[in-house]
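Residue numbers (the numbering used here), protein chains in the order written: chain X, 1 to 351; chain G, 352 to 702; chain U, 703 to 1062; chain S, 1063 to 1422.
Each hint should be verified, as a subset may be incorrect.
[As the list claims (entries may be wrong)] With a straight-line Cα cutoff of 27 Å, these simulated BS3-like cross-link-like pairs (lysine-lysine) come out: (1) U/LYS844 x X/LYS155; (2) G/LYS657 x X/LYS270; (3) S/LYS1204 x G/LYS506; (4) G/LYS568 x G/LYS657.
Read the hints as simulated data drawn from the structure, not as lab findings.
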Amino acid sequence: MANMAQAVRMALHFAEENLGVTDIFGEDVGMPLGGVFTCTQGLKTTWNSPLDERGIIGTAMGIAMAGGKPVAEIQFCDYIYNTIDLLKLAGATHWSSNGQWNLPMVVMTPVGSGIRGSIYHSHSVDATATHIAGWKIVMPSTPLDAYGLLLSACKETNPVMFLIPKALMRIRGTELIPGEPTEDKALSRLIDAPLGDRTKWAAQWPTLEDASIPLGKAKTVRAGSQLTVVSYGRTLPLCAHAADAVAADGLDVEVIDLRTLWPYDWEAIKASVEKTGRVLFVNEDTEVTNFGEHLVRRTVDELFFKLLAPPKLLAGKFVPGIGLADPLEAASVPQQSDIEQAMRALIAVQP
Amino acid sequence: MANMAQAVRMALHFAEENLGVTDIFGEDVGMPLGGVFTCTQGLKTTWNSPLDERGIIGTAMGIAMAGGKPVAEIQFCDYIYNTIDLLKLAGATHWSSNGQWNLPMVVMTPVGSGIRGSIYHSHSVDATATHIAGWKIVMPSTPLDAYGLLLSACKETNPVMFLIPKALMRIRGTELIPGEPTEDKALSRLIDAPLGDRTKWAAQWPTLEDASIPLGKAKTVRAGSQLTVVSYGRTLPLCAHAADAVAADGLDVEVIDLRTLWPYDWEAIKASVEKTGRVLFVNEDTEVTNFGEHLVRRTVDELFFKLLAPPKLLAGKFVPGIGLADPLEAASVPQQSDIEQAMRALIAVQP
Amino acid sequence: MARDAKKMSAPAKAAKSAGKAPFKALVTHSEELALDKALLLSMHDTMVKARCLEERLIAMYKTGHGYFWIGGPGEEAFNVPLGLLIKKGQGPAFDYLHFHYRQSATLLAMGEEGVGAIRQMKNTAGDPYSGGRNFAGHFSKKDWNLVPVSSPIEVQYAMAPGTALVQKRHGGDGITIVTGGDAGTAEGDFASCLVWASRPGQELPVLIIVTNNRWGISTPYEQTQGVEKISDRGLAFGMKTKTIDGNDPVSSYLELKEAMEYVRAERKPYLVEARVSRLYGHSSASGANFATAEADCISQFEARLEKAGLLTKAEAKAVRERYSEQFADIARAVKEEPFPDGSSIWDHVFHGEPGRDPLA
Amino acid sequence: MARDAKKMSAPAKAAKSAGKAPFKALVTHSEELALDKALLLSMHDTMVKARCLEERLIAMYKTGHGYFWIGGPGEEAFNVPLGLLIKKGQGPAFDYLHFHYRQSATLLAMGEEGVGAIRQMKNTAGDPYSGGRNFAGHFSKKDWNLVPVSSPIEVQYAMAPGTALVQKRHGGDGITIVTGGDAGTAEGDFASCLVWASRPGQELPVLIIVTNNRWGISTPYEQTQGVEKISDRGLAFGMKTKTIDGNDPVSSYLELKEAMEYVRAERKPYLVEARVSRLYGHSSASGANFATAEADCISQFEARLEKAGLLTKAEAKAVRERYSEQFADIARAVKEEPFPDGSSIWDHVFHGEPGRDPLA
Ligand SMILES: Cc1ncc(C[n+]2csc(CCOP(=O)(O)OP(=O)(O)O)c2C)c(N)n1
Ligand SMILES: Cc1ncc(C[n+]2csc(CCOP(=O)(O)OP(=O)(O)O)c2C)c(N)n1
Ligand SMILES: [Mg+2]
Ligand SMILES: [Mg+2]
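Please build the complete structure, drawing on both the sequences and the hints.
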């Protein structure tokens, strides 16, 4: 099965061929590297940009204005923070022009911890991104979702930010992407660039299908009756594993993968919380002015009197960065054991 | 009594003379203009910078590194968003260097709506600022608080962001700044630059006193028993007026001016909410991933079972900007009538 | 006329807080009225029209019919020829326009009516550029590839390479034109534009313009920037560059024409600095009063036209009176038009989706 | 040797995805060993020491004793002379150092021991630069005015004017030195540095350095930048500039000395581009294997020293072996040292305040 990097690559290939994507660009996005995580190897519209994030976002906006459809990469989301004004401007362009101009553009960027990336290759950007109006924000946790959501992102006529949890980049999916070969190493032989000289290499793309997943739809990855857990990205599989682990003690946890952060699937959260009466939101961005706090607020706003326990947020510690040494990273962002503990504590609360 | 622009100016004068401030700079901060809101007229260490916000923040960091004490202005907070990476870096410098380097620097910037500033002179930055670790974030709502908090900011050995609600810039205080002349127009004659030629003008500073207000301390501006309202900046006086208005109907509202957003005075909020059982947070930043949502989260985290009603947030609508026409601005950020309505609704909730 | 290789001059010596250094020697400037009469008179007509429009906007501000004014009086001699030379239309075959907030005259020269600017000044629902959302001078017109004018200074220089890239690929002679002020060139985005426009083998058809009025609000250029000619910033990038007299409509026309022809044909960038005046100060925030110390391109041009026997004082006066009245009438009518409704804040947050409060 | 006024050359013609264009003709380069013997040998010694240190760090990465390596092998011929010429100390009377992540050789030349770099590679609690928080090569040393090396490319150029401004005011001969790579000059911050360093009458004592290895990770310089000599970027700002051969320690020493003397005495900026090699690829992410296509400044220098009768092959070999062993021993010892404790994440969030979880 494809890993997420391969899934992204296949989605981009499909989008180049069928959805009008004209430019996939950013630092080291073109060959010979094809992206620091190999997400853009062998694609036909890739090119290497100058080392200038403001130029990357600005150029993407210009391409979108002139009728192109760009997918711009910021090499690590840690380096997107000098472009927030441009992202805000992109999100405001349709509105400020009273509906005249719209920007069909995708910005994709790897996010989060989990690869020992130290202070500047471990950032999360979901709090910042969800505070910017006019953007759709997507973060998959499986290769198949990455494929399907990226196709939808490329079909969008609004700016979409596609956040790729780098800890999950190399983990193989458990579901086939429609068109992907079934034999285990076959996909790699077709679409992974070889080591060494790549000047004569070309990807051999399988015939892929449009398996788009609509933006704004969450996925219940595990049904349960006692507690709702809402997460996305790197922490999502940890939540699912934690739910399995506490199940051994008879605790029955429902896990929802939000997948799209904006607009998010409030109906799915609401239905689940109405059923369980308890909710835990999990993400790894720092916890002050965090998107999970918005979800907590919405929950108490609309479901206060249905709650059996206070809604909880488990998120990254409010420190300036994630330190390199193992104990520092482990203490900074939620680990499976933290999630299990939070699950147990919440279920134990009696109203 | 001084207005907030004059209070800021007097604080900066005191800080130049007594607290080691070496550079007050930014776009049009020096004479002849002395700042677009006159906050820096007649000061001795002001200078006009190039039109480059990244240079302004970067240079402030460098000055702080070399033992200076800068107060850097971003002309409108709307233009700070291309510097978020630098602000993050400033907040991380002490931590990343494991305690070697610290940055005693103040960034001041006017924030918020209320002067018909349209899309790009109406922004709030409190959500963004409170998400950055390593900074102290201050927002006064009276001239005396502005004076006292800015002195503390200038004494800090950490980066401080000093947010000035521009709607309150020209409103006179009701308390004298220690040293300010009591006669009504005397202060203006001393420290306001004249119209026309200013080349020969020099400010005549009153003898000011150190009336610093510690960072992190809230102020209860109105005591009440039925509802706690926590706000800051432009919406704070609106909350106080709204509380007065609903008092006519026998509703008894406590109003807290947070003053420092980070670190904030949780003890004050907690004590009040434990008393009233109901809380309304009010600010005007857009409401998704908003700092008020953090306060809601903290409230349900620690006080859930003491609440008589769901904690509420009243904040700016989640739109890409604040439109120029009156009806647009009024519909976008909390007005006094919205606050009154929210107060009444919250007090009406029965557990 | 272009100078793509030359000796650098030393930086301006010291900051002078008032007035301007003489820059005649630095610019390319035409002494002759080397254009045909019809064009000269039509340029004059549109320059005056633009001036009258801006003066009406200022009057609206001063009488409480608008919250803020910013605009282009003083830049007409540059902006009108620019507008006349633009290849107007929609899509990459036509010019993409990344303008700043001083270009009403360019729009009028392109054939726009003044009523839109007046509606935007009054922030009415009928404001064709932003529906009452944005400040005066913040135009946007998709039909003419005019992208929304941005309040944040200089971001247009970061976007311009994008439209130019699509045009390079598209072929034809459509180009991208980006304009901003002198002070703004201190922002990194100006440099980004130079970098992105000159990638080897991927040079972009972009006309990079800086209108240098030697002020950034209250700050004189000489106080903050050690670059004597802003156009020199392009030299290291192997770019064609020139500094021209933007107060002279004749040399502006000729120089812009030459530069545009180069960009259209060679599909490579050209950096043009135009020295201009700022005739009513920065904006209404600084009073919006006539700046007597600045050269007035219209009276200068009228003197030349008169001397050449092409226009009498009386004719010039008549043109001015006609437009003054016209815009006064329009403003009177616009004052009765409705503001946008508060509920309209939800419109156009997302393209293709009905406006609604997502949390309601 | 400086060239502050010259003709621009045309931009590099087309993007070549491999190899480098010959740049001999563009750089100032010394053929002579025009320094005294002791200095030559000490430079050689430190260059080898730095190389051995980096090779040890790479070996640590490859054997699982560190998560990521990035560093400076290939820049020793430039970095060692730079370190020797720095005025080392704390406060504005001394040089402020805004370095990038390839400058271990500069630190060693200043007298730093290698053990700190090894501790940082292993992210131990004893890492003197970041306490196990930051990547290899991310030095910080307040005693020597070495500000924390930042992972975000180019932000150091935005900060450098600040330290230089304090130094300008302080007087004396302390200067600010800022260094970064070639690809990074595409960021606006590089241009900001040029603007802020050259304000008329407020020129700053800053030595602006670009080490041009003609790569940004996998992207060849020629593919993304149309600037033939990065030093030309300074010309429009009236700045002294030069491009030098950073693979030659002799010309690096002489050229840096001249530039630094100018900055120290004149209190004005100087932009130096040094052409260097990247000998183990970008970082461990690209394998950290020896790049045989690049010039190796150490073997080149050894050949010259040998030819001049100043160093034998055997002596050179001995130097290398000594340092190799030394660093291997240190690394062995460091491997036993403890990691920082998880609770230490709260330390140093705020200066002068005890570490604690604000929400606990
Ligand atoms: C990014 C940004 N910073 C600051 C401002 C505030 N501001 C508006 S216009 C202006 C001066 C612009 O000067 P210049 O670029 O020379 O253009 P001019 O107004 O003189 O035509 C400033 C500082 C802004 N709009 N955007
Ligand atoms: C702002 C930012 N963008 C992207 C990166 C990722 N990155 C790290 S090094 C590098 C290439 C730097 O090239 P150059 O400036 O030439 O320096 P060199 O590594 O070649 O010495 C990139 C893109 C980064 N660290 N910071
Ligand atoms: Mg100007
Ligand atoms: Mg490089």
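Exercise. Take the C-alpha atoms of G/LYS568 and G/LYS657, compute the straight-line distance between them, and say whether it is at most 27 Å.
Key: OK: G/LYS568 and G/LYS657 at ~23 Å, within 27 Å.
Quiz item: Hey, U/LYS844 versus X/LYS155, does the alpha-carbon distance stay inside 27 Å?
Solution: holds, 21 Å
Exercise. Sort out whether X/LYS270 lies within 27 Å of G/LYS657, counting only the CA atoms.
Key: holds, 24 Å
Quiz item: Does the alpha-carbon distance linking S/LYS1204 and G/LYS506 stay inside the 27 Å limit?
Solution: The given pair, whose Cα atoms are some 21 Å apart, holds under the 27 Å limit.
The structure shown violates none of the earlier numbered hints.
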